[in-house]
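Whenever a hint applies, use it, and build me the whole structure from the sequences.
Taken in sequence, the protein lines are chains W and L.
Residue numbers for the first sequence follow numbering that gives the first Met the number 0, so the first one is 0 and each next one is one higher.
Residue numbers for the second sequence follow numbering that gives the first Met the number 0, so the first one is 0 and each next one is one higher.
Note that these hints are calculated values from the structure, not bench results.
Source: prediction; values computed, not measured.
Among these hints, one or two may not hold up.
Stated by the list, open to error - Which chain L residues stay away from chain W? Per the calculated CB distances, all over 10 Å, these:
hint, residue
1, T92
2, D182
3, D195
4, K226
5, P403
6, K410
Claimed, not checked - Some, not all, of what chain W presents toward chain L, calculated at C-beta under 10 Å:
hint, residue
7, V235
8, F266
9, R345
10, R346
11, A355
12, L356
13, A384
All C-beta atoms, glycine included, are put in the ideal place defined by N, C-alpha and C.
Okay, here's what each chain looks like letter by letter:
Protein chains: 2
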Amino acid sequence: MNRLEKGIFSRLTPSQVLVIGFALTILTGAILLSLPISTESGKPLPFIDALFTSTSAVCVTGLVVVDTATTYSTFGEVVIMFLIQTGGLGFMTYATFFALLVGKKIGMRERLILREAFNQVDMSGVVRLVLMVLIITLVIEGLGFILLSIRFVPEWGWGKGLYYALFHSVSAFNNAGFDLFGDYQKFSNLIRYVGDPMVNLTISGLIILGGIGFIVILELVQFRKTKRLSLHTKLVLTMTSILIVAGMILILATEWTNPATLGKLSFGDRLLASYFQSVSPRTAGFNTLNLAEMYPATLFFIILLMFVGASPSSTGGGIKTTTLATILLAVWGMIRGRDNVVAYRRRIPYNQVYKALTITVAALTLVIMVTMFLTITERADILTAMFETVSAFGTVGLSIGLTPELSVAGKILIILTMFAGRLGPLTIAVALARRLQEPDPPIRFPEERPLIG
Amino acid sequence: MNRLEKGIFSRLTPSQVLVIGFALTILTGAILLSLPISTESGKPLPFIDALFTSTSAVCVTGLVVVDTATTYSTFGEVVIMFLIQTGGLGFMTYATFFALLVGKKIGMRERLILREAFNQVDMSGVVRLVLMVLIITLVIEGLGFILLSIRFVPEWGWGKGLYYALFHSVSAFNNAGFDLFGDYQKFSNLIRYVGDPMVNLTISGLIILGGIGFIVILELVQFRKTKRLSLHTKLVLTMTSILIVAGMILILATEWTNPATLGKLSFGDRLLASYFQSVSPRTAGFNTLNLAEMYPATLFFIILLMFVGASPSSTGGGIKTTTLATILLAVWGMIRGRDNVVAYRRRIPYNQVYKALTITVAALTLVIMVTMFLTITERADILTAMFETVSAFGTVGLSIGLTPELSVAGKILIILTMFAGRLGPLTIAVALARRLQEPDPPIRFPEERPLIG
Ligand SMILES: [K+]
Ligand SMILES: [K+]
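This is how it looks when you write it as structure tokens:
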């Protein structure tokens, strides 16, 4: 392979480096958060709760077993913010690195566009990549910080206002979903800002930018120069728009008259709240409506949005928009009687379709198994158990109330699901990319068709 | 095409014939069942309930809005039995006919095996096929009738005993799930026979034979002569065995201590009941345990079994065992880094994998949409709504209590789901088979790979 891998990681595969790096970061975070200095009360947290918070932060999930603002001291909160930033940046950098270097089969156009920045596969290329991710992150988070400050400083004063603006800008861009508004009401998240356009649009903007992925952002930044977008970027932008609009319409339709959610709001606020609640499940985890009060149909739909999640090489989780797009295109092509999967006048090769299928089936299997275990360990109903499971798998962080009441077994189960949900799909993709470079065995068996359907 | 199609069906496609034929049969049945003579009380049933029963019988589903034994007169019950037999035979014949004549791409071996019986694609070939399906059906149902008589005649006397044996043998082989034991306790199904090996093994045997499909039965019958099994038959037998054993183990594990289901039974009865309750969701719809009392995890697992269903060209529904097998083989091949999907030293072509994917995605979409509608129209929770929806889609007929309490909107929704679930997957498959014979458009777009996962 390349010089980098021969040097530092000579005995580990890139996926192993990723898994070990994340595990060590989580462990460090858990130790820090279990110190007395990290809590408001000065009494150390049970290690399992510190581990849960650290996993949730590093995997940018946002599920919490203890309320962040009322439990953790400012020191603890800053630790959480750093864990979020490390987890988000680390994953985004790695995923982009993987996309460019390991998964060499990325589209030609993309490579042409990105060649400038990463023309040498060596240490300086990696440093340059990390630097670029870092700069884009800082610019976007900085912008979010300024916009949120305009709103938060008048409300909370200089110190607290700037601190809140920083924390929530980082949390939103990294799709982490952690919030500090538990002082107002425990686990209340952004409910107090349900009708505030400034907060809603800034945070949803950060979520969307964090969720479309670094490769798409870079292509958009360079669009003026290059005048071209790769198939990947087109698919990400199309699917993201479709999912946001469809989610908004469906939430409006089902919750319109629910007095505990949209029913009590003005017309404009209903639009704003349903827009925000459509963006957030993929995979930010903020909420301005009380999810526990939503109708089962809406919650089920939100589960679907959480399962799909964000886009590759982003801070978000889930099976990813391109995975869904590829499967839908394959099905649509099949219905129209085409053998090839075509989008925007480009053909998606068979093994990309298979990869999408593999990741979806693996994700479904994981989610179904964890859901079934949770209904047993927590004596929860299926909807509640599935909601928290998919939220953990998709690194979303939305909750309808089960997570704060989890048993120790349930906590361990959700910790593992967050970890698998964060690293699983990518490491599967990496493993598959490596395998795909090996040729098929020389024996070619004769074809035979079973009946289908 | 062939002489048959040029003649009778010259203006209709085979799928249209199937859909219209089923719709007319259902309508005839509904009219008969809404007559005063069809009810025990002599008062005519509301048409929507007669339509529901007729759809459920013709689609061999078994979901009931009124208890069969206490509502319908013997005349009504015999009408139901004939509707079941017509629906089961009609579908099985058509599906086999399709597999052999329309879907010409069936495996070579199968065609060799079946060539004898259907060597001419003309009217006499069709008559011969129908005759063969009829004979095999009569032989198996006759055997079931005798075995059930041995048990039912001593219990209910000659008249009722023989009548019960006939009705339940027909209902079981056609995977219909209708029962006459409502006299004992309304909607009680086979609960009174939970520990009866004769009834359990006979009925489960009929269910399995009805569910593996006519093509598999025929191959097994001719195995002595031919000494070979097609890939299709191997996949059906393997998946059927795996699903029965896995289902049994899982039901045993989750329900072992549930006092309302397995908990109160002896060791042997637990084995028998969990075996029966593993066979029945695919897609017979009988139950010897009270499903409404099962734990959510078990019910969720039963939903999965119902979704998979039986095998092609059978009386059963669902996405079918071969569809699941093909998807799992594709995923497994992907994980092992193979480009080809291989089973039993045979390669399954790409477009069969796509077909399996298409049917699964279409089925998932239907089930999710109907479930969401039902949670709204019936104010039901997700698990209950999903259970009845998948039961209707898979033509299973199991219920945890929602169906008898459906609103008119809910009844119409379930009627449509039963119809779509019975005809949908096959008509999709037919449509796809036709399309696949058309070549791809001459333009071949360049390849480009989006990032996945
Ligand atoms: K999140
Ligand atoms: K059935």
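Status of each hint after checking the structure:
1. T92: Correct as stated: the minimum Cβ-Cβ distance to chain W is 15 Å, above 10 Å.
2. D182: holds, 34 Å
3. D195: Label holds. Min Cβ-Cβ 30 Å, cutoff 10 Å.
4. K226: Correct as stated: the minimum Cβ-Cβ distance to chain W is 17 Å, above 10 Å.
5. P403: holds, 21 Å
6. K410: Per Cβ check, L/K410 is outside 10 Å of chain W; nearest 19 Å; holds.
7. V235: This interface hint holds because 8 Å falls under the 10 Å limit.
8. F266: violated, 22 Å
9. R345: Cβ of W/R345 sits 4 Å from chain L, so the hint holds.
10. R346: With a closest approach of 5 Å, the W/R346 hint holds.
11. A355: holds, 5 Å
12. L356: holds, 6 Å
13. A384: holds, 8 Å
When each numbered hint is compared with the structure, a violation occurs for hint 8 only.
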